[in-house]
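J.: Using the hints, put the two standalone chains together into the complex.
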Amino acid sequence: MQRIAVTPRDNWRERVESVGMLYHTIDGVPYWDESACYRFTRSEIDMLDTATAELHSLCLQAVEEVIRRDLFTRLRIPKEFAALVIDSWENDEPTLYGRFDLVWDGNGHPKMYEYNADTPTSLLEASVVQWFWLRETRPDYDQFNSIHEKLIRFWQRWPNLHTTPIHFACAGDAMEDLGNLEYLRDTALQGGARTRRLFIEEIGWDSARLDFVDLDDAPIRVLFKLYPWEWMIREEFGRHLTRARIRLLEPPWKMVLSNKGILPILWDLFEGHPNLLPASFEDQPLLGEFVRKPLFSREGSNIEIHRAGSVTRTPGSYGGDGYIMQRYQPLPDFGGNYPVIGSWVIDGDPAGIGIREDATEITTNGSRFLPHFFVEG
Amino acid sequence: MALFEKIAFDQMDNQPDQPERSLRNWQEGETLTIRYRLWPKLSTLITPIILLPFFRLFLEDGFFVFQILCVVALVACCQIGADCLFTQEIMLTPDRIFKNGLLGIQELPVYDLKLQVNKQENLKFYHGSDKNLRESITVYRYLINDDDFADTLGYLQDVYHVSFTDKTTGATESHCSKIALDQFLKSAGSYRLMAGFFLLFALIAIFTVGLSDVFMGMALSLPAYPVRVSGIALAIAGFFLIRHWSSTSRRSSEGGSAPVMDRLERADLNAFYCATVAVLVAGVGLVLFILFGNALDLYLFMIVAWFYFRDGYPRLSTWERLSASKPAPESSLAPTQLLPRRSLQISLVLMGTLAVMSYGEENHYLYANKKDCQDDWGDSSCREVPGEGGSGGSYGGSAHYYGPRYGIGSGRATRAVGVTSVSRGGFGSLGGFHAGFGG
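Protein chains in written order, with the working numbering: chain A, 1 to 377; chain B, 1 to 439.
Excised from the complex, chain B in its bound form (with noise of 0.2 angstroms):
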C-alpha cells in the first residue's frame, strides 16, 4: 500500500494537440536530410525471409480465400519492401520534398502540403490532397531515429509553415487552383469508384463460384493455352495505350492552346482510359481464373493490373499544369512525372518472366530417338517418353526420348526434333510393386 496518495492535476497549459517537435528552429533556407538506418533496412529485409515459412503454410492450406489473402500480403509486402530498401535519403528543401532512391528521385512541391502522421507515426507527404496518391512520399517511422522524426516535425512547422489540425494531419496554407483540384478530385473519385466496383465484382465472383484450389475452371473442353496467350497480348497492348493516353495529356499541357476546361477534361477521360485499361487486364485475369480454374492466372493479372492501375492513377501537378493557373515550380522532373514510371515497365518484365515460369517451367527436348538424346545431353539425361515403348504410342513407330528440361542441362540439343511441355510416366510406379490392388 502507498504511503500517499497520488494527486492528479488538471493540465494547466492549454497547449494546441500537436506532435512533439524538437526544440531547435528551422531556419528559412534550410535543408533537413533524413536517412534510413541500415539495421531496421536489413531488418526490413529479413522479416520477410523468416515469415515465408508461415505464407507457405497459408498458400498451401487449400482454402482460397486465406491463399488470396496471402498473395494480397505479400504483394503489399514486396511494395513496403522495396520502397524502404531502395530508399537512400529524403530531403526537405525550403519549396520540395525529394525522395532519393536506387530507382531514381521522386519530389513533392510543398506549396500546397497535406500530411499525415498515422498511428504507427509513419510520415506521409501528399501534394495538395490526401487523394493525390501518385505524388505522395512516405516516410517510415522504424526506419528513422528519434531525433530525425522530432527534426522533422520541426522543420514542418517552422520552414513550411505546417499547421496541424490533431494529431494525425497537417497542412500548409493551400496556394492550389480550386479548379484544377476540383476537377483532379473527381478524376480521382471516378478511379477509384472503378476500382471499387472492380473489386466488389471480384469478390462476389471468388465467393459465389466456390473457389478453391481445386476449381476445375467452367470451360472445361476450351484449350487455355491460346486463350490465355490473347490475354497476356491484351495486357501488353494495355500498356501502350496508357502510355500513348498519358503522352496525350502532356501534350495537351504543353500546346495549351484549347480552353482550360477542354483539357482539363481531356484529361479526365484520359485518366478514365487509364482506370478501365487497368481494371479490363485485371478483368482478363478474373475471367481466365473463372474459365480454367488457374489461380496463377488470377494473381498475374491482378498485379499487372495493379502496376497498370497505379500508374494511370492521376496526378494533381497534371492538372495544374493544364489549368495554367498556378505552374508549379519549375523542376527537371516535371515533364516525366506525366509519362508511365518504371513500375509500368516492371510489370511487363514480371509478366514475362511469370509466364515463362509458370507456363513453361517443364518443358522438355523431345527426340526422336535414344541415340540423337545421348550424343546431345548423355545417357544420364535422356529418358524414354513413358507409354510409348514397343506400342507405337501417339508418336507412331519408335519410341521417344525426352533430355533434359528446357534451357538446363550442359550440352546442345542440335539433334532435338522439337520441345515438348507433356511429360509422362508421373503415374504407376507403384502398380509394378504390387502383384494386384484392385480391392
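So here's chain A without its partners, still in its complex pose (with noise of 0.2 angstroms):
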C-alpha cells in the first residue's frame, strides 16, 4: 500500500461532474482529491477481500447473539422495536449494502474501526468517480471495484420489481446524500426496477390506511432511506412503522449493526481475532490507550482519543445514550495525510474500497476521497 502523489487531471472538475458527482467540492475545499492516490498490490487486494467477508460473518453470528441473549437495551434499542429487528432478521430481509472502516498500513491484518451498515455515503465516488478516474489515466490497471455490478444484480433480484415501485428517499437540505441517493436509485432503475424519489420529511401517514404514503399519497411498499435508524423509530411516525406494510432498507436488523454497541458485542464474541480491535462497553473500562466513540454517531463527531494522558477530541452533538471504548489503533501516516480504507459490502459480499483521508487521526464529514488502483504482485 502505498500514496503516490499524482497531477490531477486539467479539467477533473467536469469529469466528475460528468459523473454525477456534484459535491466534489465542501466548503470551498476539494473533498475529491486526485492530487494523489493509493497503490496496492493484488494480494494486498486479496487481504482486504477476505477480511472484509470475514467480518461480515463476524457481524451476522453477532446480530444472532444479540437476539439469543437479548442485548437490544445494551444497545438502546427500544423495546418496541426490539421484535421489529428479530422479525426481519427472522425473515432474512435482504441487505443492500454497508461499508466496513477499516485500519491498514499494507501489513499485518486490517483492523475494524466500525461498520456503518445502515446509511453509509461516499458510495458514489466509491463505484463511479474513481473508475473512471482509472478508466482516463491508468487504464493498464485494475481497481479493487464491482460495487456497480453488484447493486445493479441485488435490484435485479428484488421481489415483485416491474409491480412495486421503490421509494428513495433522504433529508431535504444534505447535498452529498441526495447525490448518493440519486446514484443508488440509477442503479435500481438500471435493474429494472420503477423508483420514485422524495424526501423523508414529505412521507406521510394516512391513518385511514395504515399506510406511509407519497406525495401522490400513493401507498409505500418498499423504502430504501438514507436516513438513520435510531432516528426514524425516536421520531413521531417511528410508532407507526411497527404496523405499516411496508418493507425497509436497510432492514431493521441492521440496527444492530449500525450501533456502536457491536464492537464490545464482536469482541466479547471473538476475542483475539486478528481483525478485530479490542472494545468494551464504558461500565468495563479499557487499560491503555483507547477511543471513546458514542453508541450513535456519524461523520467522526464526538469521539475522544485518549492516549498518554492527553485528550483528542471532536465537536457534536452525539452521545447522549453512553458510549463503547475501543484499544486506540494509530491510522498509517503518510506524510501527514492519515487514510481510513472504507470496504464496502454489497448485497452480503466484498465489492470494493474507498479512502478516506484526512490530515488529522479523525476521519470526518470533511476528510478527502482519493482513488486507488492495484497491480498484480
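No wet-lab data here; the hints were simulated from the structure. Accuracy of the hints is not assured; some may be wrong.
[As the list claims (entries may be wrong)] Stretch by stretch, here's where chain B covers chain A in the computed footprint (C-beta under 8 angstroms, at least three residues):
| no. | segment |
| --- | --- |
| 1 | 131-143 |
| 2 | 192-204 |
| 3 | 235-241 |
[Stated by the list, open to error] Some, not all, of what chain A presents toward chain B, calculated at C-beta under 8 angstroms:
| no. | residue |
| --- | --- |
| 4 | Ala171 |
| 5 | Val213 |
| 6 | Asp217 |
The beta carbon of each residue, even a glycine, is placed where N, CA and C say it ideally should be.
T.: So, in C-alpha cells, the structure goes:
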C-alpha cells in the first residue's frame, strides 16, 4: 500500500461532475482529491477482500447473538422495536449495502474501526467516480471495485420488481446524501425497478389505510431510506413502523450493526480475532490507550482519543445514549495524511474499497476521498 | 414428636357423594333470591384495571401469539366482568330460574334442569342439556356468600329434586321431548363443528403465515380501505340475515301447519345458516388480516363473529316449541328468546365504534391556505402540510394547512376544503440538527 502523488486531470471538476458528482468541493475545499492516489498489490487487495468477508460473517453471528441474549437494552434499541429487528432477521430480509471502516497500512491484518451498516455514503465516488478516474488515467491497471455491478444485480433479484415501485428518500437539505441517493436510484432503474424519489420529511402517514404514503398519497411498500434507523424510531412516525405494511432498506436488523455497541459484543464473541480491536462498554473500562465513541454517531463526531495522558476530541451532538471504548489503533501516517479504508459490502459480498484521508487522525465529514488502483503481485 | 399416634377411622356412614348443603328444608312454593355482594363486584371492576399494564406488556411484546392470547383473555374478562357487574339478583322459583340484570331478565324453565358445579364451585344451570349454552345461567361463587351457596344447593335438592350423580353434576328428571332434544343436539353439534373447523383453519393460517406485528400482508398493491369497508358492509348484512332466519324459526313455530320433522329440520337449517354467517364474518377478518396485515381487522371481525355466533346459537326451547309435544310453560319472555338479543346489536355498535376509532383516528381538517385555517381555529391549531412549502407538492401551487384533528378543537371548520387522513412531517425532525448523517 503506497501513497503516490499525482497531477490532477486539468478538467477534473467537469470530469467528476459529468458522472454525477456535484459535491466534489465542500465549503471551498476539494472533497474529491486526485492530487494523490493509493497503489495496492493484488495480494493486498485479496487480503482486504478476505478480511471484509470475514468481518461481515462475524457481524451476522453477532446479530444472532444479540437476539439470542436479548441485548437490545444494552444497545439502546427500544423494546417495542426489538420485535421489528427480530422479525426482519428471522425473515431474512436482505441487506443492500454496508461499509467497514478499516485501519491498515499494508502490513499485518486490517483492523475494523466500525461498520457503517445503515446509511453509509461516499458510494458514488467509490463506485463510479474513481472507476472513471482509473479508466482515464491508468487504463492498464485494475481497481478493487465491483460495487456498481453488484448493486444492479441486487435490484434485479428484488421481488415484485416490476409491479411494486421502490421509493428512495433522504433528508431534504443534504446535497451529498442526495447525490448518493440518486446514484442508488439509478442502479435500481438499471436493474429494472420502478422508482420514486421524495424527501424523508415528505413521507405521509395515512391513518385510514395504515400506510406510509408518498406525495401522491400512493402507498409506500418498499422504501430505501438514507436516514438513520435510530432517528426514525425516535421520531413521531416511528411508532407506525411496527404496524405499517412497508419494507425498508436497510432492514431493521441493521440497527444492531450500525450501533457502535456491536464492537464490544464482537470482541466478547471473538476475542483475539486478527481483524478486530479490543472494545468494551463504558462500564468495563479498557486499560491503556483507547478511543471513546458514542453508541450512535456519524461523520467522526464526538470521538475522543485517550493516549499518553492527553485527550483529542471532536465536537458534535451525539453521546446522549452512552459510549463504548475501543483500543487505540493509530491510522497509518503517509506524510501527514491519515487514510481510512472504506470496504464495501454489497448484497452480502465484498465489493470494493474507497479511501478517505484527513490531516488529523479522526476522519470526519470534511475528509477527502482519494482514488486507488492495484497492480499484479 | 407427638405423644399419641393418630388413629385413622374408615368412613362409617355411606353418604352419597353430594355437595354440602344447608340444613334448612325448603318447602315447595318457596322462592330463593341470591344477590351478588358489593365488594366482590367492585373487585371484578378493579382487577382488570390493575391487570391492564400486564395485558399491555403482552400486547406490546411483539410476539403475535401472545398478542392473540391477550386479546382472547381480554374478551373473556370483559364477558365475565359484564355478566358479574350487570347482574342484580338470581331468583329461584318453583318452576323457573330468573337472572335479573341491568340489561334485562334471563329465565330458565326447570322441568329439565341440568347443573354443573365446577372446580371453582361456580354454579351453572342449563335447560335440557349442557350443550344448550344459550339457555344457561351462571352463578359466580365468589360473588355470593357461603350461606347463599349452601341454601341454593338445598333448594335445588328440596324444591327441584335435583339428584347429583357426583360432586360436579346434577339434574332434575327430564320431561323434555326426546325428538326435540335429539334434533337440538344435532343442530348444536353441527354448529360447534363449524366453529371448530374455523378455529383450526384460523390457527393454521396464523401460524403458517408466520404472523407478527410486522407482517405486511400478501396484497401489497391492493387498496386496503375499500376492501375493508366492503368487509364491514358484509358483516352488517350478516346481522340482518341472522335476524331474518331467527324470525323465520319463530314464525314457523307459531304457524304449526308443517309436519313436525319438517319444522325441526327447517330450524336446523336456519341454525346452520346462522353458523355459516358467523363463520363467514370471522373468515372476512382472517382474509383481511392476511391481505393487509392489520391485526385490528382480525380482532374486530372475530369479536363481531363471536357475538353473531353466540346469538345464532340454537336454543332448546325453540326446538321444543317446534316439536309442540311438550310446550314450555307460559312466560312473558318466551317469544323474545327466538330473536337476536341485545348482544347482536352491541356487536353492530362495536363494529361501528371500532371502525371509526381505528380507521379515522388521525383525520385532519385540510385548508387551502393558512388564513382560512387561522380564522376557523386560531394560530396554535394550524400547521403547514410538510413537503409543500415553496415547491407546490402534490396539491399544486401554494402550501396547504392542517387544522386540528377531526372532531377536536373549539371552532368551526367552515373554511376547510376537506378532511384528510394523511399527515406528514413525522420523519426528518432530527435531520435538521445534524450537518450530515451518511456514515
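J.: Now look at each hint and say whether the structure bears it out.
T.: Evaluated hints:
1. Counting residues of the segment 131-143 of chain A whose C-beta lies closer than 8 angstroms to any C-beta of chain B gives 0; at least three are required, and the coverage claim is violated.
2. With 7 residues carrying a beta carbon less than 8 angstroms from a beta carbon of chain B, the segment 192-204 of chain A meets the three-residue requirement, and the given coverage holds.
3. Counting residues of the segment 235-241 of chain A whose beta-carbon sits less than 8 angstroms from any beta-carbon of chain B gives 5, enough to reach three: the coverage restraint holds.
4. Taking 8 angstroms as the C-beta cut-off, the interface hint given for Ala171/A holds, the closest approach to chain B being about 4 angstroms.
5. Interface hint status for Val213/A: upheld, as the beta-carbon distance to the closest one in chain B is roughly 6 angstroms, under 8 angstroms.
6. Hint on Asp217/A holds. Least Cβ distance to chain B is approximately 6 angstroms, under the 8 angstroms limit.
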